[in-house]
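Q: Chains as they are written, first to last, in the working numbering: chain A, 1 to 112; chain B, 113 to 523.
Just so you know, these hints were derived from the structure itself, not from any lab. Where is the CB? At the ideal position from N, CA and C, for every residue including glycine. One or more of the hints may lead you astray.
Claimed, not checked - With beta-carbon atoms standing in for the labels, derived distance ranges: (1) 37/A / 342/B: 26 to 32 angstroms; (2) 501/B / 91/A: 39 to 45 angstroms; (3) 41/A / 418/B: 23 to 29 angstroms; (4) 53/A / 239/B: 30 to 36 angstroms; (5) 406/B / 42/A: 24 to 30 angstroms; (6) 239/B / 38/A: 45 to 51 angstroms.
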Amino acid sequence: MKKIEAIIREERLDAVKKALEEKSYFGMTVSEVSGRGKQKGLTLQWRVGEYRVDLLPKLKIELVVLDEDVAPVIDAIVRSARTGDAGDGKIFVLPVEMAVRVRTGDRNEAAI
Amino acid sequence: MPINTGDTAWLLMSSAMVMLMTPGLALFYGGMVRRKNVLSTIMMSFACLGLVGLLWVLFGYSLAFGTDHAGIIGGFNYLALNNVGQDPSSIYASTTPHLAFMIFQAMFAIITVALFTGAIVERVKFGSLLVFSVLWLAIVYLPTAHWVWGSGGWLAKFGVLDFAGGTVVHINAGVSALALVMLLGRRRGFPNDAMEPNNIPMVVLGAGLLWFGWFGFNAGSALTSGGLASSAFVATNTAAAAAAFTWMIISWIHKRPTVLGTVTGAVVGLVAITPAAGFVTPIAGIAIGAIAAVISYYGMVLLKIKRGVDDSLDVFACHGLGGIWGALATGIFATVSVNAAGADGAIMGNWMQLLKQLVGVLSVGGFAFVMTMVLGKLVDKVMGFRVGQVEETVGLDISQHGERAYGGFLR
């Protein structure tokens, strides 16, 4: 089992969800996060003058999948989240030791 | 004189409208600070309703408006509202109950104290601020209100015009704010860290309430409900409109037309028209408002950006500079055709009035600055005026009030 963490643009969420649904991946957790990459962020205005906000709002999608599903899921996210401009996000893949379904107590593959 | 019910209704309504300005100011200020300091900033204004509202009826009104002593201060004859009843005063607002005039004046004292707190938000110790506010009301506000508005006050006799408090309220608060900033110093992290306003819509709501209440402030200061109140009402709205529009354009020329800037412009226009509202023609409000926006905008650039003075919510630039311009503008644009009890200004050929206004600005501004320094130093010595490093970092909402504005996960 692997956990896929994808940081994406807020406005690409619907496209990413749709791309995953088409491959029958439904479960996910989405959270609002702030972050920065190599891009410099935004310049905002006060009454006079400006200030820089370098942490920009993004969404983080987390989903846990079987090892063989990692490649197609990543592929779906990359295709649907990409705009080609700086700030499209990142995907990280992590090993998962165990998964448990709270309702039944099922473990691992049966739980995801 | 017998009581005039129209005048009384308008004065009571105006008092209620000016009261609403203080919670309005709380929102105006509260939206501009970081989210960890929203409640503390709101509290600094709202607490004045509790504190000054008491002090005013106990001794404040008496010392500002009681029997004159050498043009400097009022007497004790109205202490705890003694001799202030349902009949009109023989001196002030002679067509309305004395109580109505007294409570109208109370609302001015309340908001004046609330105004200067904006300069030192996010770092001032709440208890010390309350103690300072009591001292400041007694030693700065009450005498200066007497000088300008009290029967026998030396600036009133000298001929200084201040229709609704440009000098007493705005110069007083603005100059004192600057002194407090010099005393307390910058916020930790200023000017390098980004200090983002937590809720600009709240600032807009606050500005809207201020604009609404300002009709009570200025048109109510006619103390009657006829032509003069109407003239002051229109002058007020016109100046606010001109200043909001001007600020928007300046902001646009520099980059984008910001909401924060536009509503700030409105408030600056309202400040500037305050001393002039009942002495100038309504159309003069255009020049007074537009010039106020320019002065305040570039004053802010100079003070905050160029000099790095952390007057956090720009109280000096808005109320100090706006108030000084308004006081001088009164000496320029005043005409007796609007108000026979006023005077002609420079445009009518009477340059002396401008000089008188300058004396008003310098005496009240100078007195407020020096006394605020003295009182502030005293409070700092005795109890510390500023919170500690940890309290400032955590935020004043939690460290001073044990609350937070926006709840967490437990819904």
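Q: Taking 30 to 36 angstroms as the stated bounds, is the beta-carbon spacing between residue 53/A and residue 239/B within them?
A: Given a distance of about 34 angstroms, which is inside 30 to 36 angstroms, the answer is holds.
Q: Assuming the hint says 23 to 29 angstroms, is it satisfied by the Cβ distance from residue 41/A to residue 418/B or not?
A: Given about 24 angstroms between the Cβ atoms, the range holds.
Q: Between the beta carbons of residue 501/B and residue 91/A, is the distance compatible with 39 to 45 angstroms?
A: The hinted range 39 to 45 angstroms holds for residue 501/B and residue 91/A, with Cβ atoms some 40 angstroms apart.
Q: Regarding residue 406/B and residue 42/A, is the given constraint of 24 to 30 angstroms on their beta-carbon distance met?
A: holds, 28 angstroms
Q: Given a hinted range of 45 to 51 angstroms, is it respected by the beta-carbon distance of residue 239/B and residue 38/A?
A: holds, 47 angstroms
Q: Starting from the hint 26 to 32 angstroms, judge whether the C-beta atoms of residue 37/A and residue 342/B obey it.
A: Check failed, 59 angstroms falls outside 26 to 32 angstroms.
Comparing the model with each earlier hint shows a violation of hint 1 alone; every other hint is respected.
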